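Colleague: With chain A held as given, fit chain B onto it using these hints.
As a plain string of letters, each chain reads:
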Amino acid sequence: MMFNWFRFSSPATFYPVASAMVPWFAMFAAVFTAIGLYIGLGVAPTDAQQGDAYRIIFIHVPAAWMSMFIYLVMAGWSALGLAFNTRLSSMMAQALAPTGAVMTVIALVTGALWGRPTWGTYWAWDARMTSELVLLFLYLGIIALRQSIDDSRRADRACGLLAIVGIVNLPIIYFSVVWWNTLHQGATISLTVAPKMAAIMLTSMVVMTFAAWFYTVAVSLVRLRAIILERECGTSWVTALPELRT
Amino acid sequence: MPAELTAFATPQRRPVAVPRAVATADHDAGAVLPGVRWALARDLRLALRSPTELGVELLFYVIVISLFPLAAAPQRELLTTMGPGVLWVAALLASLLSLPRLFASDYADGTLSQIALSPFPLPALVFGKVLAHWLTTGLPIAVLAPIFGLQYALDGRELSTLALALLIGTPILSLLGAIGAALTLGLRSGGSLLALLILPLYVPVLIFGAGSVDALRAGLGAGANLSLLGAGLLIGIVAAPFAAAAAVRIALD
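Protein chains in written order, with the working numbering: chain A, 2 to 247; chain B, 2 to 254.
Derived from the structure by calculation, the hints contain no laboratory data. Just so you know, these numbers come straight off a predicted model, no measurement behind them. Every residue gets a Cβ at the ideal spot worked out from N, C-alpha and C, and that includes glycine. Hints should not be assumed to be uniformly reliable.
[Said to hold, decoys possible] A few chain B residues facing chain A, derived, Cβ under 8 Å: (1) Leu188; (2) Ser190; (3) Gly192; (4) Leu194; (5) Pro205; (6) Asp254.
[Unchecked claim] Per the computed footprint, the stretches of chain A lying under chain B, defined by three or more beta-carbons under 8 Å from a beta-carbon of chain B, are: (7) 137-149; (8) 158-170.
The following block holds chain A by itself, in its conformation from the complex (with noise of 0.2 Å):
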């Protein structure tokens, strides 16, 4: 028998999975996240040159990492949603974009705080800088349409298509470093070439950028419940769960 793909694009299935699933990602957060900044905190060197304000990218890198990678999948379930006009896809875009937004935010500053004592400045109006504070715009701008719209399929639709634009500004950021020369540095980590980072560092930034991950699956779940909750309130599925009937 053929696996039905739209089994789970239904908010009434898919909610016992997403309440099944929180507990574990949180987890997985909370462990990697210990074993990570252990890792960043406790056992990596002293870098030579910046000294100990080098640690703030076991936080930086994941959470800029995550910025991007959050959009992108916040678009790509836009798309299923417009495509297939499943509700359920669109929910999930609605529930990543807080996180994408916090993940920007932190990405920002704590790329400021980093900045200051090695580069002498908090902010400077580099090629990255500048697109990754586009990019949280383009968060808040989302977060605002839904906002001002009461109607939620239409926000759904409306949100789901200016996602879809603004994915133009992902490759601009991405390549950002290697377009423009700028202040900020290029990559230091890639899939093709010898990380140029010690062994040591690079294993504690690639466990937070799990951490990173499994947060955010972890709470844009809980988001996404909320959601459901909230815009399911009159079905009877609803109605007649457990956790509602005390």
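Modeller: Same frame as chain A, but now just chain B:
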């Protein structure tokens, strides 16, 4: 195509008829150019019938440009440095300010629903409207820019580069703006929300547009910046009318 859709009365002094059924089937490829032509002619006629509105939009552009030397010290060097950027930012704001004109009044009196029902493909009609918007805002801005550039002590080559960059860049502003204008139709916080949605998308145009003069000054030549603007314009022409038409349909549902 029911006959009552081909002509209907509108309350204001708008040109009346929605296009006659030139095409027989929906989304007939042969109906694209007539659709563009019809929407262009109608919106141009509408815009030219309220010349004050157009004049006010251009005056807004002029005033924003004149504010910067008053706010900053009007030293010649400083003016030359910031001139192209100021003219571009003013162009962005003027474009933003005139965007509601694209769809809002048509949406308010129901004309937009009739336009969406017409036999012409909606993206073609949207493209015609965008073209009319650019001809009445972007084009005058680009043409006037060299005059205001003189106030910022730009020399001849810089002025011509600036005007050329504006000529290529302002249609992109109208194309992108149409998407935002359609998305925010009928929303509570329409105007400021439109700014939040559209200005981030304008940023690359601003960077490459204002950067063209900087590149010229640095001796690199403006070619790369202008080519990137041109590429953006081509992508915009191909993609933006479809996105804006989809946004119009979302707003009309």
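Colleague: Next, verify each hint and record whether it holds.
Modeller: Evaluated hints:
no. : hint    : in the structure
1   : Leu188  : holds (5 Å)
2   : Ser190  : holds (5 Å)
3   : Gly192  : violated (11 Å)
4   : Leu194  : holds (6 Å)
5   : Pro205  : holds (6 Å)
6   : Asp254  : holds (6 Å)
7   : 137-149 : holds (count 7)
8   : 158-170 : holds (count 9)
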